[in-house]
Amino acid sequence: MSVVTGGDAPPKVAYFNDPKVRSWAVQIALVVVVAYFAWQIFNNTVENLREANIASGYGFLDTTAGFDLSFTLIPYTESSTYGRAVMVGILNTLLVAVCGIIATTIIGFIIGVMRLSKNWLVAKVAEVYIEIMRNVPLLIQILIWYKVVLAALPSPRNALSVGGTVFLSNRGVTIPKFIWGEGSWMIVVGLVLAIAGIWWLYRWARARQAATGEQFPVFLTSLGMLIGLPLLGYLLAGGPLSFEFPEQGNFNLRGGVGLVPEFAALFAALTIYTAAFIGEIVRAGILAVNKGQTEASYALGLRPGPALRLVVIPQAMRVIIPPLASQYLNLTKNSSLAVAIGYPDLVAAGGTVLNQSGQAVEIISIWMAVYLTFSLVTSLFMNWFNSRMRLVER
Amino acid sequence: MKRTLLSLALGAAVSVAGISAASAGTLDDVKSKGFIQCGVSQGLIGFSNPDDKNNWTGLDVDFCRAVAAAVFGDGEKVKFTPLSAKERFTALQSGEIDILSRNTTWTMGRDTSLGLVFAGVTYYDGQGFMVKKALGVDSALKLDGASVCTQTGTTTELNLADYFRANNMKYEVVAFEKSDEVIGAYDAGRCDVFTTDQSGLYAERLKLKNPDENVVLPEIISKEPLGPVVRQGDDAWFNVVKWTYFALLNAEELGVNKGNVDDMIANSTNPEVRRLLGVEGDFGKGIGLENDWAAKAIKATGNYGEIFEANVGPNTPLKIARGINALWNKGGIQYAPPVR
Ligand SMILES: N[C@@H](CCC(=O)N[C@@H](CS)C(=O)NCC(=O)O)C(=O)O
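Each protein sequence line maps, in turn, to chains L and H.
Sequential numbering of the first sequence, starting at 1, is according to this note's numbering.
Sequential numbering of the second sequence, starting at 395, is according to this note's numbering.
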């Protein structure tokens, strides 16, 4: 489309032949059609639900649920509302997704680097891992893990115990519960100070290294701060923490806090499955960095470890991050397979609400909204991270 | 996952569209497609259970066959759709099935707010508990602190929560979607207790590695009237299903069975029998079927008593006594209005 400026007038065309008018007309027609369909679907839904005497709207979320859930991060009982049951599901999904993403990233990077190792055995181990894990369907892996967890661990009466404090049985892991006494805030303050200190230390050490080339043992100092400062708070406050130790009950262990085996199985399966894909992504990323870069860093006297960490990986990151983000999204969405082993994630808990209340359309809309939000937030974060990691061109 | 969500969304959309399509009249739809689509369980011995050749047997299955026979004169004109507890109501609402006959408990909520109606009670049940004998538990009141395996989307999980709260006991629930997952987890020791309708306990116990190492506790903690369900606002079809059930009961009460029904048609002088079998009167017209609709149903499956004996009675692996499922004049509460 050319805009004619200046002297001669544009050649006259019939306005229905004017490309500008045409494209607008097409766009408007499309919008009208889409809007019409959307309206029809909405209208039809509401009408049919009304005709079938099915209530619609989200008011039901305030009704008492009447069922229990096995694993909750927030207080929940059968007299809580449907809304809270959905919330429990959202948090459970979030828990397994966040833990899974962290663990799978670590394992995935290790596998990816191993795969490229010059050591034949190490490289083969990684290759076999990848080929097995990404070729067996995830659902089967989840079920296998669940079977293994249940079959390998003893009943709670014969629970394995570590010094009578941590118990392991086919009902899960039970650890002592913290009872926060008076003055516990000092511990929290210690922790906050430690985190702030580590952040500052990291920036200071980098600036110093950039300026003088001198290195500083950041990791060890950080670890010291992370343990030392809260400990200092604990001592200053006069040891306000006590523990509630799990003990044998009639059927299960009483007291303490527990993590159910369904979580363990789901977490293990998601992590290990996704790590196989991440391993391949990392390998591709590293191979995408020109060999000359490695050679150059060796020539500068860097040993293989630092060469990988300081030269190759930062450049590989821009190839790795976008597909990594999709793996994170996959892991989050795959966590809905939890339903097969009774872990009350968003789909399982929401499904129970759907079934007990009969509010299918509403629950499905909540599912879609929540997964969409999770996915968008993950994408936004990864995009931001990606732009930070971009090669700075000078 | 993406696919699950998508299909669920599509399912919802279709189900929503289906409600209007279905209200065209299920009886007419069924007649024109030539068979009944019947929703059953994914395998509950005695109620609805497929063998390796996909032949279905059970009380719920026979009920669907009786309806098919009443409509088509052929008890085989029925197709079965296995459904989990969670899927069943959506399948009926959406028009995917014409009748839900899947050990489903009649509750007020389901009857009034799902756009569905219950047509009768083909089996009066109640919820019970099963535990490993080795635990040495002899009463449900001693289950404080136990882990309980159950199926989601059932009345079971609701009653369970009520019972433990009412008795001030703590417990951990582990809920699965499929009954095989529930029983598998119980067998693997994930739970101390397995709970469902008592009939289901006897049926699922047969699937355990060592059935004899498990006991059913004496307590019955709920009322579970199980019966067929159809869509609300479709009275012609509702009547067919409801009166097939009544016809099976009336047949038992009047002594009409699979073996003697032809003889009864030819020779019975009892006016009640003659009306039931369509020899007198024209009750068929009223429910939109042929006059001998009830005779055809009885010929296909036998009367209610015969169905019960064949599928869950004392001579079957389940060995369930008639109990309250006996006719009203035999000490039970099964009762049908008269054909008149
Ligand atoms: N009667 C109850 C529960 C019925 C139920 O689903 N029982 C289980 C027993 S474990 C069952 O039939 N499972 C068979 C299946 O899911 O296919 C209800 O209507 O909510």
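One thing to keep in mind: the hints can contain errors.
Within a straight-line C-alpha distance of at most 20 Å, the following computed DMTMM-like cross-link-like pairs (lysine to aspartate or glutamate) qualify [what the hints assert, rightly or not]:
#1 H/K527 with H/E607
#2 H/K536 with L/E247
#3 L/K147 with H/D581
#4 H/K617 with H/D574
#5 H/K564 with L/E244
#6 H/K526 with H/D468
#7 H/K564 with L/E47
#8 H/K679 with H/D629
#9 H/K480 with L/E247
Among chain H residues calculated to face chain L with C-beta under 10 Å, some are [said to hold, decoys possible]:
#10 A479
#11 G509
#12 D532
#13 L535
#14 K536
#15 S541
#16 V567
#17 V568
#18 A582
#19 G583
Hint data in this document are derived by calculation from the structure and do not stem from the laboratory.
Don't be surprised by glycine CBs; every beta carbon is placed ideally from N, CA and C.
*If any of the earlier hints don't hold here, list their numbers in rising order.*
Those not satisfied are hints 4, 6, 7, 9, 12 and 13.
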